[in-house]
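Next come the chains, spelled out residue by residue.
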Amino acid sequence: MTNRSLDIRDLHVSVETEWGPKPILKGVNLCVKPGEVHAIMGPNGSGKSTLAYSLSGHPKYTITSGSVLLDGVELVGMSVDERAREGLFLAMQYPVEIPGVSVANFLRTAKTAIDGQAPPLRTWVKQVNASLASMQLDSEFSSRSVNEGFSGGEKKRNEVVQLELLNPKYAVMDETDSGLDIDALRIVSEGVNRYIDQGDRGVLLITHYTRLLHYIKPQFVHVFVDGHIVEEGDATLADSLEKTGYEQWLKAEA
Amino acid sequence: MTVVTTPDPRTVSHLHPRGSFRVADHPVPTGKEEIWRFTPTGKLADFFDDTLARESLGVTVDGPAEVRRLDMGQSPRGTALTPVDRAAAIAAGTPTATHLYVGAETTDTIRVSVRGTGAETPTADHLVIEAAPDACATIVITHTGQARHIGNVEILVGESARLTVVSIQDWDPGSVHLGQVEALVAKDAVYRHIAVSLGGDIVRLQNNVSYATEGGEAELLGVYFADAGQHLEHRLFVDHTHPKGISHVDYRGALHGDGARSVWVGDVLIRPTARSIETYESSKNLVLSDGCRAHAVPNLEIETGEIVSAGHSATTGRFDDEQLFYLRSRGIDEVQARRLVVRGFFSTILARIGIEDVEAALMARIDTELAFDKEN
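Chains as they are written, first to last, in the numbering used here: chain B, -8 to 245; chain E, 861 to 1236.
Check the hints yourself; a few may be wrong.
[Said to hold, decoys possible] In silico lysine to aspartate or glutamate, DMTMM-like type, Cα no more than 20 Å apart, as pairs: (1) K146(B) - E1166(E); (2) K234(B) - E223(B); (3) K51(B) - E1138(E); (4) K208(B) - E181(B); (5) K51(B) - D217(B); (6) K1104(E) - E1138(E); (7) K51(B) - D106(B); (8) K51(B) - E1166(E); (9) K160(B) - D1193(E); (10) K51(B) - D1181(E); (11) K208(B) - E7(B); (12) K1104(E) - E1166(E); (13) K146(B) - E181(B); (14) K24(B) - D1(B); (15) K51(B) - D1193(E); (16) K146(B) - E1182(E); (17) K51(B) - E1182(E); (18) K160(B) - E65(B).
[Unchecked claim] Examples of chain E residues toward chain B, derived with CB under 10 Å: (19) E1138; (20) Y1140; (21) Q1183; (22) L1187; (23) Q1196; (24) G1204; (25) A1211.
[As the list claims (entries may be wrong)] Derived contacts from chain B toward chain E, CB cut-off under 7 Å, selection only: (26) G36; (27) S40; (28) S47; (29) S142.
Rather than coming from a laboratory, the hints here were simulated on the basis of the structure.
Values in this document were obtained by computation on a predicted structure and should not be read as measured data.
Note that CB positions come from ideal geometry on N, CA and C, so glycine has one too.
All chains should be built: construct the whole structure from the sequences, respecting the hints.
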């Protein structure tokens, strides 16, 4: 297949408000090929997280036009879980607590759903424990309820454990760096880099600080302002953003 | 005939009538009474008729408990439980009660089966559970089959004993189960009651606790799953009569289907004498479809401010969309995501049973309640 990519074409998304639908994404064009790491940077409120949630199919967001092709398969119109089974993963900025559901049960259920069959028990438990260990979480962690009572760092590390074990074709990492101290940031970044190092996975990193990009190197940087991409470049664009900020585009948009 | 009634001073509350063993002291409910206002009393005429002959369902006991018979007035019968409603008074008048004595050396699980054999004959039983001082035991009472049954359970928890009573209501359709469960907790004893109500057209349990002296801990837990047309009612009353007691109430219910109805009424009474007590009551309902009604009424009657803590909460909600989104974003389909959330919701309580096969069987049973998802 030649068209392997996560291909976002002229994506328009709105959200329902008290005063009617409000457009958030205003024509996003972006193509992530296997092996590529793209960073999306932009100020708060520019629609970065909306992009992440819309790709995953969050019910709060309505795709009004445009297309998202995952290796040629149209995701728009698919349910949240169908998209995930096609190979899309979203590491969330605010992972949700699921009381009473253990991490172990959750991981096994998700893996079974993604693969279409239950993972072999013996190797699976080893794999889970190895993944937890690489995130510096002990094996006892898997008996805790998903995200319940987790620290900010534990939540993010748990997201990366899922990334590693589910090993999707494309991963959207939404503000994975937020709320992390320097050690946790390093651990989380190493996990994401192991995923990237497979060489055939696509990553979309959403962040508004350049800090994360010192640990995870993107080949492409996109500046996101007011619901669309206003500037694109290589990793050096992130460095210049660090100096100049987003002001120039914010002024232009105003 | 001169009748002298001695009202039990322990059961005087703004929300609870005085207890009495005399059936005549409990008029036939009209449905307007505070304690009956949520109950479909119109369907329960036979339960209030004290002229009916009632049979005993009896109990099958498996485990290290001594089983005896107790005649009317024979100790310890009547020590912990004073009937607070008409049905309970009728059952308390059963000529022969069953006495389950748990000795101090007991550590095993005692399984008690109460099996209904049909809804034609009304039945009533009065069970007395007595845990000796220092006893440590779990008693699992399972109600199955079909019956129109009044089942009282009177529980005496001896000093420093740790007693868990699990009461599973998994009756066949066409069944009605009323009854009063009442425990008296001795010094330093830890009493836990876990009610699990799944099957039966109407289940209404009045679950009371009081303390024999200072100290003592009571935990009243419950899960229920009301289907179309089912009425599941749990009424809790914790009477803090002495200082330094602890009580925790935590009930969780799910409702699904047209006319599914649940009632949870919690009441904790902190008497002027009950200084330095600690209490919390919580009720959570998960409404899974339209046409259900969950009533949750938490009450606190505080008569002394010199306490450690007292609080309550009641929540009723639908599925959390964010939880479902999170699970589904990992490839888990909607049916399974819902099942995980409901299982998780109940598992915190069920895990407290501490007996693996019982927990697994109940989880599997809850899964069958959730099978409706396949249709959606």
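Now the hints, each set against the structure:
| no. | hint | verdict |
| --- | --- | --- |
| 1 | K146(B) - E1166(E) | 40 Å, violated |
| 2 | K234(B) - E223(B) | 16 Å, holds |
| 3 | K51(B) - E1138(E) | 42 Å, violated |
| 4 | K208(B) - E181(B) | 11 Å, holds |
| 5 | K51(B) - D217(B) | 19 Å, holds |
| 6 | K1104(E) - E1138(E) | 7 Å, holds |
| 7 | K51(B) - D106(B) | 27 Å, violated |
| 8 | K51(B) - E1166(E) | 48 Å, violated |
| 9 | K160(B) - D1193(E) | 19 Å, holds |
| 10 | K51(B) - D1181(E) | 10 Å, holds |
| 11 | K208(B) - E7(B) | 36 Å, violated |
| 12 | K1104(E) - E1166(E) | 11 Å, holds |
| 13 | K146(B) - E181(B) | 16 Å, holds |
| 14 | K24(B) - D1(B) | 17 Å, holds |
| 15 | K51(B) - D1193(E) | 18 Å, holds |
| 16 | K146(B) - E1182(E) | 15 Å, holds |
| 17 | K51(B) - E1182(E) | 10 Å, holds |
| 18 | K160(B) - E65(B) | 15 Å, holds |
| 19 | E1138 | 22 Å, violated |
| 20 | Y1140 | 17 Å, violated |
| 21 | Q1183 | 5 Å, holds |
| 22 | L1187 | 7 Å, holds |
| 23 | Q1196 | 7 Å, holds |
| 24 | G1204 | 3 Å, holds |
| 25 | A1211 | 8 Å, holds |
| 26 | G36 | 20 Å, violated |
| 27 | S40 | 13 Å, violated |
| 28 | S47 | 5 Å, holds |
| 29 | S142 | 18 Å, violated |
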